[in-house]
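Same order as they appear, the protein sequences are chains A and B.
For the first sequence, the positions run 1 to 278 when this note's numbering is used.
For the second sequence, the positions run 279 to 434 when this note's numbering is used.
Because the hints were derived from the structure by calculation, they are not lab data.
Beta carbons are placed, not taken as given, at the ideal position from N, Cα and C, and that holds for glycine.
Worth double-checking, as some hints may not be accurate.
To give an idea of the chain A side of the interface with chain B (calculated C-beta under 8 Å), a few residues [as the list claims (entries may be wrong)]:
#, residue
1, Thr15
2, Val19
3, Phe23
4, Ala29
5, Ile31
6, Ile32
7, Thr35
8, Val37
9, Gly79
10, Gln82
11, Ile83
12, Asn85
13, Ala167
14, Ile170
Computed spacing ranges between beta-carbons, pair by pair [said to hold, decoys possible]:
#, chain 1, residue 1, chain 2, residue 2, range
15, B, Asp330, A, Ala67, 20 to 30 Å
16, B, Gln392, A, Thr249, 38 to 48 Å
17, B, Gln319, A, Pro275, 39 to 49 Å
18, A, Ala67, B, Ala417, 30 to 40 Å
19, B, Gly331, A, Pro134, 32 to 42 Å
20, B, Val369, A, Glu39, 40 to 50 Å
21, A, His116, B, Gln392, 33 to 43 Å
22, A, His128, B, Arg360, 51 to 61 Å
23, A, Ala251, B, Arg431, 49 to 59 Å
24, A, Phe23, B, Ala292, 15 to 25 Å
25, A, Arg165, B, Arg431, 27 to 37 Å
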Amino acid sequence: MKAARSEAIPLAGGTDLMVELNFGRLRPAAIIDLTRVAELTTHRQENGHVFLGAGVTYAAIVKELPAFKPLVQASRSVGSPQIRNRGTVGGNLGTASPAGDALPVLAAYDADVVLHSQARGERSLPWHAFLTGPKETAIAPDELIVGTRWARVRGPGSFSKIGTRNAMVIAVAGLCLGIDEDRQRVKVALGSVGPTIIRATQAEEQIASAMSGSGTWQDPSAPVPDEAILEFAELVASAARPLDDVRGTAAYRRHGCRVLARRALSWSLTERRLPTWL
Amino acid sequence: MVVRTRVNGEWREAEVWPGASLLTFLREQLGLYGSKNACEQGECGSCSVWLDGALVCSCLVLAAQAFDREVHTIEGLTDAGRLHPIQDAFVEAGAVQCGFCTPGFVVAVADLLQNDGNPSPATIREALSGNICRCTGYAKILDAVNLAAARMRGGT
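Using the sequences plus the hints, can you model the full thing?
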């Protein structure tokens with residue numbers, strides 16, 4: 001259908017698109033309702049990978065995917081119950097707002113975006129190749145987003161964001177941190193503080209090597225020096241490329257990244273120290 | 279285009295502009311004015327309804343997406359002109375001032391109490407986080423939820 005009518009706008013939960021329609025900012029020639037494509041609302045795990053269909057709602061993620069804590073935390077922070085019952089990860093990807101709450105999580109998971117067209121079949125793009133700019137993606141006019149896929153990683157992690165309320169908030173800054181125990185890596189992704197999602201790669205390398213130096217990878221109770229944690233937070237803040245806008249100043253957003261980074265790292269280091277039976 | 283959907287148990291059908299929301303369809307085509315039109319961007323919850331049993335903002339559902347589906351609105355909550363216990367509780371607790379947000383709140387509270395008959399204060403706040411009231415300051419709405427929950431559990 002998308003191949004025959006490439007101008008048609010795909011519609012799932014409507015939490016972005018319907019606003020544009022209601023306010024008369026968008027008058028699409030045609031709309032394709034994706035909520036009837038059952039395949040898009042599925043998720044599955046195979047060979048250490050997770051596939052999450054584009055039409056899986058945030059409410060379904062909270063209920064059905066408790067093992068993916070950062071994704072659940074991000075999903076639970078989306079809008080309100082009404083919004084979480086409709087909004088989908090595919091919608092976050094399609095809209096490609098730098099404030100999409102699921103996007104820093106997908107970036108920290110090193111997720112691929114799975115696209116499909118009638119002419120060329122399925123293709124996968126790494127998240128950073130798919131998200132090309134603010135509200136811009138690499139999707140072709142005859143393609144639809146099928147879902148996203150990532151390799152399961154062992155280790156703690158979290159998503160946190162800053163905003164004026166706990167609900168119905170477009171983040172001023174959002175951060176996902178994940179620890180990969182097997183590869184001894186830390187991954188940090190930032191939302192709402194740049195034209196698109198940003199990975200703080202310098203900070204990731206610095207803290208991973210600091211954790212090697214302090215023996216924390218082998219022995220979670222071996223403390224990481226405070227200076228290393230502060231330097232990590234500083235490097236995360238400097239990775240941000242924020243703007244001043246109605247929701248916050250660039251300086252506040254950068255400071256937000258610093259605070260979120262320090263907290264998220266502390267949470268994960270604490271979690272690593274907890275006995276596995278807890 | 280013609281949209282046919284089951285509203286409060288009854289099949290309804292009407293001609294509607296293809297870009298119209300479910301809220302417009304309910305109000306303008308079916309004359310169900312209980313669901314209110316306020317923000318049209320999913321912020322305020324005044325248009326809350328159930329779509330196939332899920333609490334949604336009807337302004338963010340394309341009317342065509344409700345084709346062949348089940349919609350329940352505030353009008354379906356009451357039978358034979360009697361108020362629902364949640365509505366009684368809202369009146370008694372003084373949780374209604376201008377009343378514009380009330381149908382959306384009542385629907386959201388009904389959705390909450392279906393899943394949790396004895397919700398904690400934090401659960402109530404999270405469940406109602408998608409509904410905005412500009413009059414009451416919310417305290418009396420929270421009182422109303424507790425009153426309704428207690429009554430529906432079979433208390434006083």
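Does the structure break any of the earlier hints, and which numbers would those be? Hint check: 4, 6, 8 and 14 fail, others pass.
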